[in-house]
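Chemist: Chain by chain, the residues:
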Amino acid sequence: MAKGWISGIYPRSERLIEATRRQDPKLSRLFEEEKRKIIRQEFDAGLDFMTDPLIDWDDILRPFTENLGGVEIGALDRFYENNTFYRRPLVLSEVKSRGHILSSAISNTLFPKKKAWKVDLLDPYSMADLSENRYYRSKEELMFAYSKVLAKELRGLPSNLALVQFNAPSLARTKDKDTISQAKEAIRMATRGIEATKCLHLYFGNISSTLPQFLDFGVDILGIDFINSDLQSFQGTTFTKALACGCVDAQNTRIERPSEIVAFVTRVVNVLNPKSISVIPNTDLEFIPQPFARKKVQAIGKAITKLGDEGI
Amino acid sequence: MNSSLLTQEIGSLRKPKWLVKTLREKSSSEEEREKAREDAALLNVVLLEKAGLDIVYDGEARRVEMYEYSAKRIKGMRFSGRVRSWDAKYYRKARCVGKVGYTGNYHLDEFNFVRDRANKMIKVPITGAYTIADWSYNEAYATKRELALDLASNVLRPLVRDLVEAGAEFIQVDEPAATTHPHEMKLVVDSFNETVREISGVKFGIHICYSGNNYEALFPEALRMKNHQYALEFANRDSWELGRRRDVRTGYKALDMFSSQNENKEIGLGVVDVHVDRVESPQLIRDRVLYAVDVVGDPSLIHVNPDCGLRTRSREIAFLKLSNLVKGVLLAKTELGLL
Numbered sequence: 001m002a003k004g005w006i007s008g009i010y011p012r013s014e015r016l017i018e019a020t021r022r023q024d025p026k027l028s029r030l031f032e033e034e035k036r037k038i039i040r041q042e043f044d045a046g047l048d049f050m051t052d053p054l055i056d057w058d059d060i061l062r063p064f065t066e067n068l069g070g071v072e073i074g075a076l077d078r079f080y081e082n083n084t085f086y087r088r089p090l091v092l093s094e095v096k097s098r099g100h101i102l103s104s105a106i107s108n109t110l111f112p113k114k115k116a117w118k119v120d121l122l123d124p125y126s127m128a129d130l131s132e133n134r135y136y137r138s139k140e141e142l143m144f145a146y147s148k149v150l151a152k153e154l155r156g157l158p159s160n161l162a163l164v165q166f167n168a169p170s171l172a173r174t175k176d177k178d179t180i181s182q183a184k185e186a187i188r189m190a191t192r193g194i195e196a197t198k199c200l201h202l203y204f205g206n207i208s209s210t211l212p213q214f215l216d217f218g219v220d221i222l223g224i225d226f227i228n229s230d231l232q233s234f235q236g237t238t239f240t241k242a243l244a245c246g247c248v249d250a251q252n253t254r255i256e257r258p259s260e261i262v263a264f265v266t267r268v269v270n271v272l273n274p275k276s277i278s279v280i281p282n283t284d285l286e287f288i289p290q291p292f293a294r295k296k297v298q299a300i301g302k303a304i305t306k307l308g309d310e311g312i
Numbered sequence: 313m314n315s316s317l318l319t320q321e322i323g324s325l326r327k328p329k330w331l332v333k334t335l336r337e338k339s340s341s342e343e344e345r346e347k348a349r350e351d352a353a354l355l356n357v358v359l360l361e362k363a364g365l366d367i368v369y370d371g372e373a374r375r376v377e378m379y380e381y382s383a384k385r386i387k388g389m390r391f392s393g394r395v396r397s398w399d400a401k402y403y404r405k406a407r408c409v410g411k412v413g414y415t416g417n418y419h420l421d422e423f424n425f426v427r428d429r430a431n432k433m434i435k436v437p438i439t440g441a442y443t444i445a446d447w448s449y450n451e452a453y454a455t456k457r458e459l460a461l462d463l464a465s466n467v468l469r470p471l472v473r474d475l476v477e478a479g480a481e482f483i484q485v486d487e488p489a490a491t492t493h494p495h496e497m498k499l500v501v502d503s504f505n506e507t508v509r510e511i512s513g514v515k516f517g518i519h520i521c522y523s524g525n526n527y528e529a530l531f532p533e534a535l536r537m538k539n540h541q542y543a544l545e546f547a548n549r550d551s552w553e554l555g556r557r558r559d560v561r562t563g564y565k566a567l568d569m570f571s572s573q574n575e576n577k578e579i580g581l582g583v584v585d586v587h588v589d590r591v592e593s594p595q596l597i598r599d600r601v602l603y604a605v606d607v608v609g610d611p612s613l614i615h616v617n618p619d620c621g622l623r624t625r626s627r628e629i630a631f632l633k634l635s636n637l638v639k640g641v642l643l644a645k646t647e648l649g650l651l
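Just so you know, the protein sequences line up as chains A and B, in that order.
For the first sequence, counting from 1, position 98 maps to 98 in our numbering; every step adds exactly one.
The number in our numbering is simply the position in the second sequence, starting from 1, with 312 added.
It is possible that part of the hints are untrue.
Only pairs whose alpha carbons sit at most 25 Å apart, straight line, appear in this in silico DSS-like list of lysine-lysine [stated by the list, open to error]:
# : chain 1 : residue 1 : chain 2 : residue 2
1 : B       : Lys401    : A       : Lys35
2 : B       : Lys577    : A       : Lys26
3 : B       : Lys333    : B       : Lys432
Heads up, incomplete: computed chain A residues facing chain B, CB under 7 Å, no partners named [unchecked claim]:
# : residue
4 : Arg21
5 : Asp58
6 : Pro258
Source of the hints: derived by calculation from the structure; they are not laboratory data.
Every residue, glycine too, gets a C-beta built ideally from N, C-alpha and C.
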């Protein structure tokens, strides 16, 4: 049966935007209140994996940039092709972690009991690609250093973690076979000994030409960004994994009708015939204001119910 | 006036606190608000002229923000809420929910005000069609291309035409998004050209900043662009060391690319970093300018400006930076025998 979930950073409400602007002393309480509300919306929409909306993260790397040994906060840089910016991790010496960064940055105690939950991370290659490396001999060496750190961090999470999602925009944009091959090893290292289901979500690029290599990765689910790639370009591909279908546009306020999502997912199933299919936004929902993100969450929920009714 | 190494501002200055207070105060009448905007605009013109710039405007005193101010006045656009730019900085994004249209010249009053008061040359900054399209959610058009070209022909072109009829001689089209999506460069150029189509007797610049690809995305498409000037950010990437060697002026590498195109277009040379309070010394400005003259060859093809609008800095720091910019250009001119 089709599943659904959301990824990465969720937008802040107008109330929280004002509170962050004026550095409200009650900010941590406000973050927690809003997290509860958003997780409740995920639950009410019928999503299968609860996820921390990460509204207290200033960018998707920030907990690591601020807390990893050997890393300092660097200059502002554009986050891929968005009008959104992040602080570059400035790597000045060996990257080190005690394995508590992620567990402190995720509010897993807020999830409803007995409900499966997931965690979102950038993959080691994207982390290295977005960093300013002044210590390691190459980007690859830094990527493997990040792998070790992520392995430690993932082991530091509660054992009932159900899904680990690696978001991999830099990997989605590269066509270099050696890079992809090394990234595969980096993800294997990062997830060694992790029981949870593993998803690699490739967004901000069209991976139709590199898909065969990704199908060989040691993950259970591959995510494809169908907003930035044409389904027809995947025609003729033998898809051997479960698919997270990134067909809900997280960068546009136009709200997809559930029937529209169902029709698209049905076409995807016909073209790729994956082992199973899930509906997700193509990227983090933080690129649209919160009221629109909420409607997208509801649309995903309604779509997966309809898909279930149709036996998909 | 010697047209070599003219100094100019890029656009915005920080709004005075009393202006923000008057605009936010619920009890302020529209007359009080307008008077406060006019006072701030006049103060900015005086500040820029006192700093010694050759080309001035009003520090965008009437505009809440470059994108929001324009989008709010375009038919078919509706604001959706705020999204994060970085950390706790946000901007309001509009949704395009219908065909875009011109609702009147939203820069004409400010232009007329400055024209009647400034003693120096005037440059009018306007937000370009491509950036408005890129920073908006497109719910109405089948493609971004259709939206950007409709904005260019139905909104920006009438706006430019009216400004030129009112006497504008130099218009800077602000396109900070221009190099964000390298594969859309054709659209950037097409929308620029549509904006200025069949409008003559005016100088057109394009301002681009914080390009993630060091402006490499611009060419070869930009060779078709009907602009006379590229006003660009460089200082943000440069070292603070004095000197004119290539290994010192690391932030100005892209000048080689512009120079090798032989377009004979002007460069608006960013010599002041708008994201730090540290004030560039006149000597540092001099060295950046002289390095650029070495690369470009003809000093009359160089204008000197901050990297971007100085609204990110306090008004005091902005004034110090601009004053030193002018002093540094004087030092460079002296060395080049241009005085």
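Chemist: State for each hint whether it applies.
Modeler: So, going through the hints one by one against the coordinates:
Note on B:Lys401 and A:Lys35: the hinted pairing holds, with a Cα-Cα distance of about 20 Å set against a maximum of 25 Å. The suggested pairing of B:Lys577 with A:Lys26 is violated, with an alpha-carbon distance near 54 Å, which exceeds 25 Å. Proximity of B:Lys333 to B:Lys432 is assessed by CA-CA distance (about 30 Å); at most 25 Å being required, the pair is judged violated. The interface hint given for A:Arg21 is met, as the beta carbon of that residue sits about 5 Å from the closest beta carbon of chain B, less than 7 Å.
Because the smallest distance between the Cβ of A:Asp58 and any Cβ of chain B comes to about 5 Å, under 7 Å, the interface hint for this residue holds. Taken as an interface hint, A:Pro258 does not check out: its beta carbon lies about 18 Å from the nearest beta carbon of chain B, beyond 7 Å.
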